[in-house]
Each structure stands twice: as C-alpha cells, then as structure tokens.
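J.: Each chain, letter by letter, is given below.
Number of protein chains: 2
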Amino acid sequence: MTESTTIFIGSKPVMNYVLALMTQFNKPIAEVTLKARGRSISRAVDTAEIARNRFMPNLKVKSITIGTESVQDEQGKNINISSMEITLTNQSSEPKSSS
Amino acid sequence: MTESTTIFIGSKPVMNYVLALMTQFNKPIAEVTLKARGRSISRAVDTAEIARNRFMPNLKVKSITIGTESVQDEQGKNINISSMEITLTNQSSEPKSSS
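Here the protein sequences line up with chains D and G, keeping their order. Under the numbering used here, the residue at position 16 of the first sequence is numbered 30, and the numbers go up by one with no gaps. Under the numbering used here, the residue at position 75 of the second sequence is numbered 89, and the numbers go up by one with no gaps.
Since the hints were made in silico from the structure, they are not lab data. Source: prediction; values computed, not measured. Careful, some of the hints might be misleading.
Which copy is meant is left open, because identical chains are indistinguishable; a pair holds if it fits in one copy or across any two.
Claimed, not checked - Under the rule of at most 30 Å between Cα atoms (straight-line distance), these lysine-lysine pairs were calculated in the DSBU-like manner:
#  : residue 1 : residue 2
1  : Lys-91    : Lys-41
2  : Lys-26    : Lys-49
3  : Lys-91    : Lys-76
4  : Lys-49    : Lys-76
5  : Lys-41    : Lys-26
6  : Lys-91    : Lys-26
7  : Lys-76    : Lys-41
8  : Lys-74    : Lys-91
9  : Lys-41    : Lys-74
10 : Lys-74    : Lys-49
11 : Lys-74    : Lys-26
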C-alpha cells in the first residue's frame, strides 16, 4: 500500500482522466497524483471533483501544490508556465488500524 | 493584521489580477484569497505564481482548496462547476515576534 502513481492531465476530454484515476485506485495503491500545466490545470481540478462527487466519495485531497515550470515554445524560446499537482488518497482502501 | 480579503478571478488579463493582489498587500493585510471557477482556475494559479516569482518573493501559499459549485447556465439549468481558492500570505509584513 505504499505505491503511488502519477497521471499527467493534457487536453483530452475530462472523462478520460476520471477513468484513468479510477483504474489506478482499483489496484492496491496508496495515492494518485494528478499533474497539469497551463490551461489543463482546470481540467485536473475537474477530474478530482468529478471522481469524488460521482464515483468515489471516499476520495480525499491529501495535498495541492502549485509551481512554475520553464518550457520551450515552438520557436525554442523559454517560457514560464504554471503547474499544479493534486495528490489524492482513497480512504476506504486504507487499513483499518491506521484510522 | 487580522484582516483578509478576497479577489475573484474572472476572464480579464492575468496582469490585472496580479496588480489587484499587489495593491491589497500594500495595505496592512494578513492574507489574500484568490477565488476562481471553471476555466479561470488556471488564471488564479498564474496570478499567484507571477506575483511570487516576479514581484513579491516573500509571498507564501498558505492553503489551496478545491470544490464544486452549482450554478445556473443561460437556460436556467443547474450545472456543476469546479472551484478553487488559493490563500496567500506576505511573510515580510508579519510581525517579527510571530516568526
């Protein structure tokens, strides 16, 4: 139960990421981190909220961090882009002794 | 120093909100919360990151929360929309005794 995994949120429909998140939590996994940059950040929030409200009420937000990453644009110029990480845990799958 | 204020992030250029944030912290204010919904969420992250990296290195993220709000669309139908709140504090303006 110590394993964790990361899902990178891109520009696909949000339900693709909700499904990926639920697939990960079907394994005996402790936590899943959603990583997003730029305009995909709102989609990462949507993914966490849709999963929690519709499919997995035991999902808890463990931590949210924001930051800035430097990436190269099409002309090879460095640009700064905002990033966010949402780490989620599934409370119901934790051993009873820990709660 | 206990006062706090909220800035609602909409669809204006991000620098408008960076300026609003810096204007608030010029007052003796303890913390400022950025609130955003839907696609404006990534702009709220941009606002916090640009202010911190370019103008106010003492800015600290105190907390980030995500949630879901129910709003009415143009046809009067209830739709769920993701929301985010980023609470920021300016470390340099805090009294020395507290740190």
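J.: If a hint holds in the structure, say so; if it does not, say that too.
T.: Now the hints, each set against the structure:
1. In this homomeric assembly, Lys-91 and Lys-41 never come within 30 Å of each other (Cα to Cα): the closest approach is 41 Å inside a single copy and 37 Å across copies.
2. In this homomeric assembly, Lys-26 and Lys-49 come within 30 Å of each other (Cα to Cα) both inside a single copy, at 14 Å, and across copies, at 25 Å.
3. Taking the shortest alpha-carbon separations for Lys-91 and Lys-76, neither the intra-copy value of 35 Å nor the inter-copy value of 32 Å comes in at or below 30 Å.
4. Both within a single protomer and between protomers do Lys-49 and Lys-76 lie at most 30 Å apart by alpha-carbon distance, with minima of 14 Å and 20 Å respectively.
5. Taking identical chains as interchangeable, the C-alpha atoms of Lys-41 and Lys-26 lie at most 30 Å apart only when both belong to the same chain, with a minimum of 23 Å there against 43 Å between chains.
6. For a Cα distance limit of 30 Å, the shortest separation of Lys-91 from Lys-26 qualifies both inside one copy, at 26 Å, and across copies, at 25 Å.
7. For the homomeric pair Lys-76 and Lys-41, the shortest alpha-carbon distance inside one copy (18 Å) is at most 30 Å, but the shortest distance between copies (33 Å) is not.
8. For a Cα distance limit of 30 Å, the shortest separation of Lys-74 from Lys-91 across copies, 28 Å, qualifies, whereas the shortest one inside one copy, 39 Å, does not.
9. Taking identical chains as interchangeable, the C-alpha atoms of Lys-41 and Lys-74 lie at most 30 Å apart only when both belong to the same chain, with a minimum of 17 Å there against 36 Å between chains.
10. With identical chains, the CA atoms of Lys-74 and Lys-49 are at most 30 Å apart both within one copy (16 Å) and between copies (21 Å).
11. Taking identical chains as interchangeable, the C-alpha atoms of Lys-74 and Lys-26 lie at most 30 Å apart only when both belong to the same chain, with a minimum of 24 Å there against 32 Å between chains.
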